[in-house]
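**Student:** Listed here are the chains, written in short residue letters.
There are 2 protein chains.
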Amino acid sequence: MQNTLMHEMLADYGSETLKGIHSYIPNKEPRKYLYDLVADYPDRGGKGFRPGLCIAACKAFGGRMDDVRDSAVTLELLHNAFLIHDDVEDESFFRRGKPTLHESTNRAIAINLGDAMNVLGLYPMFKNRDRLGDRLAKQVFLEVQHMVTESVEGQAMELGWRKDNVCTLKESDYMRMILKKTCWYTCMHPLRIGAIIGSRGQVDPDIFNRLGYFMGTSFQIQDDVLNLVADETRYGKEIGGDIMEGKRTLMLIHLMGACSEGEHSELVEFLSVPITKRSPETASMILEWMLRYGSIEHAKITAKYLAGAALKEFYTIFSRLPESRDKTLIESIILYMINREY
Amino acid sequence: MQNTLMHEMLADYGSETLKGIHSYIPNKEPRKYLYDLVADYPDRGGKGFRPGLCIAACKAFGGRMDDVRDSAVTLELLHNAFLIHDDVEDESFFRRGKPTLHESTNRAIAINLGDAMNVLGLYPMFKNRDRLGDRLAKQVFLEVQHMVTESVEGQAMELGWRKDNVCTLKESDYMRMILKKTCWYTCMHPLRIGAIIGSRGQVDPDIFNRLGYFMGTSFQIQDDVLNLVADETRYGKEIGGDIMEGKRTLMLIHLMGACSEGEHSELVEFLSVPITKRSPETASMILEWMLRYGSIEHAKITAKYLAGAALKEFYTIFSRLPESRDKTLIESIILYMINREY
Chain A
1 MQNTLMHEML ADYGSETLKG IHSYIPNKEP RKYLYDLVAD YPDRGGKGFR
51 PGLCIAACKA FGGRMDDVRD SAVTLELLHN AFLIHDDVED ESFFRRGKPT
101 LHESTNRAIA INLGDAMNVL GLYPMFKNRD RLGDRLAKQV FLEVQHMVTE
151 SVEGQAMELG WRKDNVCTLK ESDYMRMILK KTCWYTCMHP LRIGAIIGSR
201 GQVDPDIFNR LGYFMGTSFQ IQDDVLNLVA DETRYGKEIG GDIMEGKRTL
251 MLIHLMGACS EGEHSELVEF LSVPITKRSP ETASMILEWM LRYGSIEHAK
301 ITAKYLAGAA LKEFYTIFSR LPESRDKTLI ESIILYMINR EY
Chain B
1 MQNTLMHEML ADYGSETLKG IHSYIPNKEP RKYLYDLVAD YPDRGGKGFR
51 PGLCIAACKA FGGRMDDVRD SAVTLELLHN AFLIHDDVED ESFFRRGKPT
101 LHESTNRAIA INLGDAMNVL GLYPMFKNRD RLGDRLAKQV FLEVQHMVTE
151 SVEGQAMELG WRKDNVCTLK ESDYMRMILK KTCWYTCMHP LRIGAIIGSR
201 GQVDPDIFNR LGYFMGTSFQ IQDDVLNLVA DETRYGKEIG GDIMEGKRTL
251 MLIHLMGACS EGEHSELVEF LSVPITKRSP ETASMILEWM LRYGSIEHAK
301 ITAKYLAGAA LKEFYTIFSR LPESRDKTLI ESIILYMINR EY
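Protein sequence lines correspond, in order, to chains A and B.
Here the numbering used here is used: the first residue of the first sequence is 1, the next is one more, and so on.
Here the numbering used here is used: the first residue of the second sequence is 1, the next is one more, and so on.
Be aware that a few hints might be false.
As a list, the in silico SDA-like pairs of lysine to any residue whose alpha-carbon atoms are at most 20 Å apart [what the hints assert, rightly or not]: (1) A:Lys32 / B:Tyr35; (2) A:Lys138 / B:Arg131; (3) A:Lys98 / A:Glu245; (4) A:Lys163 / B:Tyr35; (5) A:Lys127 / B:Lys138; (6) A:Lys247 / A:Lys138; (7) A:Lys127 / B:Leu122; (8) A:Lys138 / B:Glu103; (9) A:Lys28 / B:Ser172; (10) A:Lys28 / A:Ser15; (11) A:Lys138 / B:Leu142; (12) B:Lys32 / A:Leu169; (13) B:Lys163 / B:Met256; (14) A:Lys28 / B:Gly308; (15) A:Lys47 / A:Arg96; (16) B:Lys300 / B:Glu269; (17) B:Lys170 / B:Lys32; (18) A:Lys304 / A:Arg340; (19) A:Lys19 / A:Asn3; (20) A:Lys163 / A:Ser92.
To give an idea of the interface, some chain A residues facing chain B are shown, with a C-beta separation under 8 Å as derived from the structure [claimed, not checked]: (21) Leu34; (22) Gly62; (23) Met65; (24) Val88; (25) Thr105; (26) Asn112; (27) Val152.
Honestly, the hints are just simulated from the structure, not real lab data.
Just so you know, even glycine gets a beta-carbon here, dropped at the ideal spot from N, CA and C.
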């Protein structure tokens, strides 16, 4: 499948999901600082991988758009709620090329909006009962509950490392953290939920766990790399923001193990002060070290290995299914991840 | 019922709920900045009105503690999650006599903890299906969903007023806001859920709406008064914090309508700057104006009127029920609200 076709299908599924989101936004007060803002992040148009994977998995396993739309809406609402809070927590300035929500309104309003979107995300889960029946709807709900639980656990790990200025992390710690924070949300549960609905509960969702882990880690590592080296306009966030935020990325962990003792002390010192006290000049220097010590190259290669492993898993799982546009879409997303530049 | 007995019963129901909360906290990592903190606010021991009202209503309508405990746990988890986010949003320093969670950890960890408690609050709702059956469990879940929705709407109203520095509010605006932000959470839904479970769905929960509105508004207005005039040690929060935060209280709205033009301009000016730029001296002066213009007295009287109306509603609804300790407990809570000093 060509990239163009993949993006067309993702745009199509994304727009179905977005229409669904809009249909769940109450047409009432308070608008200005609540319901008018629910679709702000979703309307900015992300890549649409999550609803795309969920809808494609459903259809590849024999289901229809009408069966899965509400679940895709829940995924997107909860994901965007998570992003709003994540942006506040990280004090980020940009999201998808525009100011983050707490920058364009204020922190209090952004936190409350995220809470509102979390509860709004439960409404489509109830609609599921009518269409999918109690048993399937319950199964999907438990998937969603698990997804959110894993994400907050991963987030707590990451935030705790920053708070305690932990500088002794191993790569395996990082992988466990993004398994929780990224993989369940971005890959495993979208695929699992899609397949559960498409197969009417006939497929064991655990078959997607390795695939989702390889895809999700590859995606996240590549995302962290792009945060450092991407073209700012296309990437939509401030470049190098992760270094300023003290985010424990694979590159930072690699650098900590590769750099000289003096550089290591400078790194620890840089990370030990509050974000507002960190100098952008030191951040630039750290980025140079990451280039010099091959930390970025190491991360890029790791991401490609993981994408390769994801591809192998994909063929193992999906070879038993008949060919379809949706099966090919999932394959294309994996292939795309290997080479994406924004 | 004497105050002592009321407090004993509330402590008993609160401790049952707290035990329930602890039983839902996963015994696993990440502990330090997640699961170890879930019970932090609940362990500080609030007044326990919410679980108290819920359990008492259940028992007064013929149900048992075992039927309602999980729902009380959900109410407390979600309420405390709301408090954690509310404290971040208001930049409050103290909660129940100790530093707020974002002060004792940091803002990011507190926001994520609130999110974790929101999802943790869904788990007891699923347990409800086993004990109460699908129909009742679904009804309770919809109550909870509505409760959270109303709260974030009320919060959005209040935060929006501050953001836009709205200085033309009427008392009815304030009453509508606390109906959403306080009444559903604190009174209406605890009573409704308790009665739904106790009567096995035989009672129309709407009969509690007027009672809950009168109770909740009386409670909130009295709470706002205590924020200005209570004994700090017993109240557990910083006195006058609401004025510094620019909170639109009944007193502030009354003062705006009662003070001189010059004072009005000073008020608007004080409210127009960020919280960190507001002078505590001006806040003290505003408090003096509230005393001088009778704004605090006006609020106290309003709270008593509302408590009286709540009492009348209580007798109308509960006179048909046989006498019981739990019926008396609800009555005592209303009576207590009329005269509470912290």
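**Student:** Against this structure, judge whether each hint is valid.
**Tutor:** Taking the hints in turn, this is what the structure says about them:
1. A:Lys32 / B:Tyr35: Outside the cut-off at roughly 35 Å; violated.
2. A:Lys138 / B:Arg131: holds, 16 Å
3. A:Lys98 / A:Glu245: With Cα atoms ~19 Å apart, Lys98 of chain A and Glu245 of chain A stay inside 20 Å; holds.
4. A:Lys163 / B:Tyr35: With a Cα-Cα distance of about 16 Å, the restraint between Lys163 of chain A and Tyr35 of chain B holds, given a limit of 20 Å.
5. A:Lys127 / B:Lys138: holds, 12 Å
6. A:Lys247 / A:Lys138: The hint is violated at about 36 Å.
7. A:Lys127 / B:Leu122: holds, 17 Å
8. A:Lys138 / B:Glu103: The given pair, whose Cα atoms are some 38 Å apart, is violated under the 20 Å limit.
9. A:Lys28 / B:Ser172: Distance of about 18 Å is within 20 Å: holds.
10. A:Lys28 / A:Ser15: Roughly 23 Å separates the two Cα atoms, so the pair is violated.
11. A:Lys138 / B:Leu142: holds, 15 Å
12. B:Lys32 / A:Leu169: holds, 17 Å
13. B:Lys163 / B:Met256: The hint holds at about 18 Å.
14. A:Lys28 / B:Gly308: violated, 32 Å
15. A:Lys47 / A:Arg96: holds, 10 Å
16. B:Lys300 / B:Glu269: Outside the cut-off at roughly 27 Å; violated.
17. B:Lys170 / B:Lys32: violated, 45 Å
18. A:Lys304 / A:Arg340: Measuring from Cα to Cα gives roughly 11 Å; hence the hint holds.
19. A:Lys19 / A:Asn3: violated, 24 Å
20. A:Lys163 / A:Ser92: holds, 17 Å
21. Leu34: holds, 4 Å
22. Gly62: Nearest chain B Cβ about 27 Å off; hint violated.
23. Met65: The hint is violated - Met65 of chain A has no Cβ within 8 Å of chain B, the shortest such distance being about 26 Å.
24. Val88: holds, 6 Å
25. Thr105: holds, 7 Å
26. Asn112: Status holds, d = 5 Å.
27. Val152: holds, 4 Å
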